[in-house]
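Colleague: Taken in sequence, the protein lines are chains A and B.
Per our numbering, the very first residue in the first sequence carries number 1; after that it's consecutive.
Per our numbering, the very first residue in the second sequence carries number 1; after that it's consecutive.
Fair warning: there could be bad hints in the mix.
As the list claims (entries may be wrong) - Which stretches of chain A does chain B cover? Using the computed rule of at least three CB atoms under 8 angstroms from a CB of chain B, they are:
#1 113–125
#2 158–166
#3 191–197
#4 227–237
#5 241–251
Please keep in mind that the hints were generated in silico from the structure rather than gathered at the bench.
Glycine residues also receive a C-beta, built at the ideal position from the N, C-alpha and C atoms.
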Amino acid sequence: MSTSPLIEIKDLRIRFHGDDGRITHAVDSVDLSVANGATLGLVGESGCGKSVTSLAIMGLLPKQSAEISGAIRFDGFDLLQTPDQTLRDLRGNRLAMIFQEPMTSLNPSFTIGDQIIETILRHRGGSRKGARERAIELLRRVHIPSPERRIDEYPHKLSGGMRQRVMIAMALACDPRLLIADEPTTALDVTLQAQILELMRELKAASGAAIILITHDLGVVAEVCDEVAVMYAGEIVERAPVDELFSMPQHPYTVGLLGSIPRLDHRTEQLATIEGMVPNMAQPPAGCRFAARCPFVLDACTTAPPPLVEISPGHLSRCIRAPLELLVS
Amino acid sequence: MTTLLEVNGLVKHFVAERSLFGRALAHVKAVDGVSFSLDAGKTLALVGESGCGKSTVSRLVLRLIEPDAGAIRFDGRALLSLDADALRKFRREAQIIFQDPYASLNPRMTVGQILTEPLALHDLVPPVQRAERVAEILRLVGLEPRLARRYPHEFSGGQRQRIAIARALAVEPKLIICDEPVSALDVSIRSQILNLLRELQDRLGLAYIFVSHDLAVVKHIADRVAVMNLGQIVEEADAGDLFATPRHPYSRALLSAIPVPKPRAKRSRIVLQGEIPSALNPPRGCRFHTRCPYVIERCRSEMPQLVPDGIGHATACHRTSELPSSAAIVPSDGGFSPILEKLVAAFSGGPEAARGSGVSPLGTDPG
Chain A
1 MSTSPLIEIK DLRIRFHGDD GRITHAVDSV DLSVANGATL GLVGESGCGK SVTSLAIMGL
61 LPKQSAEISG AIRFDGFDLL QTPDQTLRDL RGNRLAMIFQ EPMTSLNPSF TIGDQIIETI
121 LRHRGGSRKG ARERAIELLR RVHIPSPERR IDEYPHKLSG GMRQRVMIAM ALACDPRLLI
181 ADEPTTALDV TLQAQILELM RELKAASGAA IILITHDLGV VAEVCDEVAV MYAGEIVERA
241 PVDELFSMPQ HPYTVGLLGS IPRLDHRTEQ LATIEGMVPN MAQPPAGCRF AARCPFVLDA
301 CTTAPPPLVE ISPGHLSRCI RAPLELLVS
Chain B
1 MTTLLEVNGL VKHFVAERSL FGRALAHVKA VDGVSFSLDA GKTLALVGES GCGKSTVSRL
61 VLRLIEPDAG AIRFDGRALL SLDADALRKF RREAQIIFQD PYASLNPRMT VGQILTEPLA
121 LHDLVPPVQR AERVAEILRL VGLEPRLARR YPHEFSGGQR QRIAIARALA VEPKLIICDE
181 PVSALDVSIR SQILNLLREL QDRLGLAYIF VSHDLAVVKH IADRVAVMNL GQIVEEADAG
241 DLFATPRHPY SRALLSAIPV PKPRAKRSRI VLQGEIPSAL NPPRGCRFHT RCPYVIERCR
301 SEMPQLVPDG IGHATACHRT SELPSSAAIV PSDGGFSPIL EKLVAAFSGG PEAARGSGVS
361 PLGTDPG
């Protein structure tokens with residue numbers, strides 16, 4: 001792994017201006033970095049800001065309503081300051097993204113071959129024949145059977161798992177340095193999920209690309225990630241190497257998430273629950289955003305926002321009660 | 001234990017394509033000879049990949065669609081021969097909760113109206129007492145009675161699923177079919193609903209048919225599990241038994257693929273090669289043979305029967321007795337470390353202060 005990260009996000013803030021004048025704080029002071037060849041898991045529940053963060057990296061947020069500040073450094077660029085023309089050269093080329101819905105993110109009126117070839121011609125140029133050969137090769141790499149025939153089919157002819165593989169093939173068309181996968185396996189059955197995760201691991205090993213995997217499934221995170229950032233209400237509340245996060249989480253929200261998953265190894269009568277609701281992000285609370293739902297809350301939690309501090313090397317938590325093991329020993 | 005539901009040789013073929021003159025040209029064999037039984041107060045889970053027929057089975061059991069063949073006995077009555085009147089009575093006893101709580105509640109009705117409708121339809125409670133009964137049902141699922149005046153859009157996903165459960169409970173059913181009830185919910189909300197379903201089962205003696213593709217959830221909630229592939233049950237067993245010693249190669253592949261929340265978990269994942277065959281034209285012989293790593297010649301021609309052993313673990317595979325040991329197929333998540341165990345318990349309020357999943361002050365103020 002090289003010393004300087006491939007992508008570095010500094011103090012990213014995203015606010016949405018609604019039609020009614022309401023301002024929603026979608027993402028607040030997010031710092032992240034991913035090294036070459038590493039996989040970062042971005043975990044959190046609906047509305048926590050994980051997908052918005054990824055769209056900001058890709059430059060896909062609407063300019064009229066989204067107010068973005070901070071810096072996203074990638075490959076010598078600050079993506080937030082990069083003109084659209086340059087961004088278009090980066091996207092689908094060195095920066096690629098796989099979306100959650102393989103059903104809706106392919107164009108139904110073009111064959112899958114056309115769609116992959118378009119990407120290759122746009123960024124690499126060359127002949128259509130060469131691009132077609134590369135597209136077939138890509139389909140083979142993602143284990144699509146008889147790719148010479150499949151390349152001329154329309155998306156509706158393919159199953160969900162196949163479409164997701166086509167999406168991956170398209171994302172890989174120009175050997176991206178960074179691949180963002182937004183819930184790539186959520187819509188799939190476990191058997192297909194296993195195939196797709198296997199494929200992502202294979203591809204990472206072969207190309208050395210970095211991956212940001214966005215998911216709410218901690219099982220998937222444990223399978224493929226090296227490092228994990230947990231987001232809650234627009235902030236990163238915990239960041240740690242994957243082993244540490246699962247063995248000794250340092251934020252109460254992460255503890256709640258881990259406790260709420262049914263385990264295979266022992267049968268508990270009651271799963272942990274996180275009571276209450278996510279705060280209204282038009283007026284985020286003054287103190288810790290998780291305070292209202294936290295069983296370990298102190299008065300101090302509600303007065304000032306807690307900083308993200310390092311508990312042990314590489315393990316950061318935004319909780320003034322960390323290290324949490326002190327609470328139970 | 002009394003048997004509540006008995007299903008025998010259920011078949012449902014949908015017409016996929018018709019000729020110009022309306023003759024059926026192709027059938028989807030959605031359900032093809034499914035038999036199982038369910039005891040009162042217990043949970044049977046139906047698992048399998050999309051398109052395996054698990055949702056069709058659940059709709060057939062409710063007679064929301066009519067089967068082509070087979071028999072269903074519910075509480076001693078032959079369900080398929082009920083007339084309209086008797087069928088309406090049956091509907092009181094069997095209810096369904098759907099996956100998407102956003103789509104399954106009428107946006108133009110208040111929660112109170114949604115819950116009053118079944119009471120009025122079956123004339124269960126005199127009109128003057130209905131409001132009170134609605135309040136009672138809302139409390140049962142952990143919502144405050146004053147929320148009855150609100151509309152579905154004012155609630156979060158988890159709360160809406162609670163309302164859907166409340167609607168099912170309103171008629172005091174014996175059986176609730178839960179069709180992927182937590183798949184659309186976030187992890188923390190999911191655990192609330194699972195706890196609630198369990199608590200209600202204990203309190204009210206409900207039987208559940210739980211349709212799900214999330215196997216960790218199934219292990220948590222089910223007493224018995226039936227694994228389906230292309231319209232047929234390939235294995236049926238007690239949940240503990242199935243997860244300890246899965247027999248059918250398809251069950252093994254499914255269970256081995258469960259992602260577990262433990263990095264570098266011990267596992268021997270069986271990755272199935274090839275695509276799921278189409279239910280329009282299922283393979284001859286064993287329907288799993290095109291993807292089975294243990295396939296032999298016999299599997300291609302002869303369909304295996306679902307054969308139970310002495311302890312009620314049934315498998316439909318010619319090679320059941322020859323397959324390698326099933327040890328270490330289900331990945332191990334190793335549980336929590338003692339300290340994390342304590343921390344999770346403390347998070348949930350500790351064992352002595354175990355909070356009820358249902359009746360909590362949760363979400364009293366949506367929006």
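Colleague: With a C-beta cutoff of 8 angstroms, work out whether three or more residues of the region 113–125 of chain A approach chain B closely enough for the coverage to hold.
Modeller: violated (count 0)
Colleague: Taking a Cβ-Cβ distance under 8 angstroms as contact, does the region 158–166 of chain A have three or more residues in contact with chain B?
Modeller: Check passed, 4 qualifying residues.
Colleague: Under 8 angstroms between beta-carbons, do enough residues of the region 241–251 of chain A, three at least, approach chain B for the coverage claim to hold?
Modeller: That given contact holds, which follows from 6 residues of the region 241–251 of chain A lying within Cβ reach (below 8 angstroms) of chain B.
Colleague: Are 3 or more residues of the region 227–237 of chain A near chain B, judged by a Cβ distance of less than 8 angstroms?
Modeller: Our answer is that it is violated, as 0 residues pass the Cβ test (under 8 angstroms) against chain B, missing three.
Colleague: Please check whether the region 191–197 of chain A has three or more residues whose CB lies within less than 8 angstroms of a CB on chain B.
Modeller: Answer holds; 6 residues pass the 8 angstroms Cβ test.
Against the hints set out earlier in the document, violations occur for numbers 1 and 4.
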